[in-house]
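Chain B: place on chain A using the hints.
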Amino acid sequence: MQIPFVEGFGHSLKTRKASNSVIVRLETDEGVVGYGEGAPRPYVTGETVASMTRSVSETFWPALKGVELPIGDAPDLLAQVDALLPDALPTSDESQAGVLAHHSARAAVEVALLDTALKGAERSLGAVIQPTGTPLIYSGVITSESVERALANARRMKSIGLTVFKVKVGFDGDVALIASLREALGPESSIRIDANGVWTLDQALDTLNQLVSYNVASCEEPLGRSRMADLPSLAAQSPIPIMVDESLCTLEDAQWLGEQSGCHLFNVRVSKCGGIFRCLQFVDRARQHGIRVQVGSHVGETSILAAAGRHLAASLDDLAFLEGSFGTILLSVDVTRQSVRFGHRGMAAPLKGPGLGIRVLDDRLAQHAASVHPLDSNDLS
Amino acid sequence: MRQFVEDLYNQHIGELTGCAEFVALEEGSVGRDVFEGFVGNVFLTHQNSPHFLGFLFALVPPNSVERIEHNLLEEMGLDEEDGRSHPELLMALLEGMGLQDKVSTLKAKARTRLDEIVLDPLLYGSLREVGLSALVEVVSFEYMLSRVSSRIGRFLKKQCDLTDEQLEWFFHHSEVDIQHAEEGLDTIEDYIAYYEFDPQEAQDIIGTAMRENVFIKRYFGIEAAARARGME
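Which chain is which? The protein sequence lines are A and B, in order.
When you number the first sequence by numbering that gives the first Met the number 0, it's gap-free, plus one each residue, and the end is 380.
When you number the second sequence by numbering that gives the first Met the number 0, it's gap-free, plus one each residue, and the end is 231.
Be aware that a few hints might be false.
Said to hold, decoys possible - EDC-like cross-link-like pairs, simulated, lysine to aspartate or glutamate; straight-line CA separation at most 16 Å:
{"no.": "1", "chain 1": "A", "residue 1": "Lys157", "chain 2": "A", "residue 2": "Glu187"}
{"no.": "2", "chain 1": "B", "residue 1": "Lys108", "chain 2": "A", "residue 2": "Asp361"}
{"no.": "3", "chain 1": "B", "residue 1": "Lys108", "chain 2": "A", "residue 2": "Asp362"}
{"no.": "4", "chain 1": "A", "residue 1": "Lys157", "chain 2": "B", "residue 2": "Asp197"}
Just so you know, the hints here were simulated from the structure itself, not pulled from any lab data.
From a predicted model like this one, the values you see are computed outputs, not experimental measurements.
Next up, chain A with everything else stripped away, as it sits in the complex:
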């Protein structure tokens, strides 16, 4: 897909101007259609749009075509769908090229399978992973190309009632930026920061110590994967809770971080973590080690991934923070009839309709598709 953003969205690793999600549309012989979405990020899992598309068509589809879709009523539907999916570990060449996992491809296929199977049974994903009743309150994300721009963004978000914010940092003047934002947003707002892995251990400790007085709720990805070995030391010394994101791409990462006390929070994202079933496995690892969980999102997700994230978040009774569901606040246009964007105060309700609980507009997908790759089950070999 190629859906322009309303405004550019920058952080220390990348400025994005458009969504480039890959949508998987699955249609059964009976005409039931389900959708999934992946958001490949070279600086997260090492995947690109091209590699994800290739992975879906050359790895996942051959393993699935002709396979009987699990019945949507099955109580262990998530596990059944997961069992259908190949491990799809990166080849040695891919690993050398920086691919950690084909998780975006896996997530897109898994969510499409779940949506299709559940729609076939007229059952909501919320019946499989049930809402706990925890209020779903999304965070606003403030980009920081300049203090002035960040303040303007913050004021607008405050005007729509948001009270929980994440601020992209990792630039010169981070401390002054947070000081200004704290003043603008008031003492009652929750502010956390995301450095996208640009700091060294010393830089992180220095900056975090300077930020203590501004009541920062957590610092996401301070060091980056290349400096993961320093995370236990940082987590032990930091006056601000440490959250991992890019350093948490595989279950092995989760295990290591838990055993080494490398962080205080996990940022679990459906696309990054390889689907809903895998996300729940990350959550299990977190709980085993007393680590709290944020359900995050990739910038530019459409309502398809947002719906999957909503179901996941709604099922967790110990959710620390929630991101995503920006819809047309960020995208020029979304792909569903009814947006799953959050509303006033960032609040949203669990989705209830069959499958993901959204109605995807095929003509909208066609209109904004950068390319289409039909995969036909008639070519069964």
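Same frame as chain A, now just chain B:
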């Protein structure tokens, strides 16, 4: 506040008239199909105008009710005997372009847009803020049309051989909307005062409403709007 709003409107108008798509139409350097697409988008954009005015009629302060009521009646062709509704004028434009067979499709799309607005979760806590946001966007089109519509009418007349009667929607707006646009700015000021908006609060809501160039987005599509702001 009036100056803040006018500055925003003028910035958006400058982007519209400076965007490659508008320039190409004005220069006549594109084929008839591009003109047809543009006219279809104008039709689509303004199909729902009476609905939005009806919504604002319910919300505006007492001092502005008469103005909105007049605009609404005029939009519906009820302000004078033998008046033609704006949707009828748009229909004449569409017929002039030979696009009669597109009417049902365009009307269905217009309905979809209305549905999306109704179905989208509200970003604001009350209709007070929603109303300001809607008012600012509605007035933005009146303001833009008062300055640009006769120019559009002229290039459509020249490039597409349309008659003045078929182009009445554009020429009507160029005359009438100068007054409407000024009254619209009055209404915005009245609304902000009546509902006791803090100036910063009002600016934030107005800024949010005008974040993207809705003129380019509606008349030329989201890709054109993105290009106009270097968002490709």
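Right, here's what the structure says about each hint:
no.	hint	result
1	Lys157(A) / Glu187(A)	holds, 12 Å
2	Lys108(B) / Asp361(A)	holds, 14 Å
3	Lys108(B) / Asp362(A)	holds, 11 Å
4	Lys157(A) / Asp197(B)	holds, 14 Å
Checked against the numbered hints given earlier, this structure breaks none of them.
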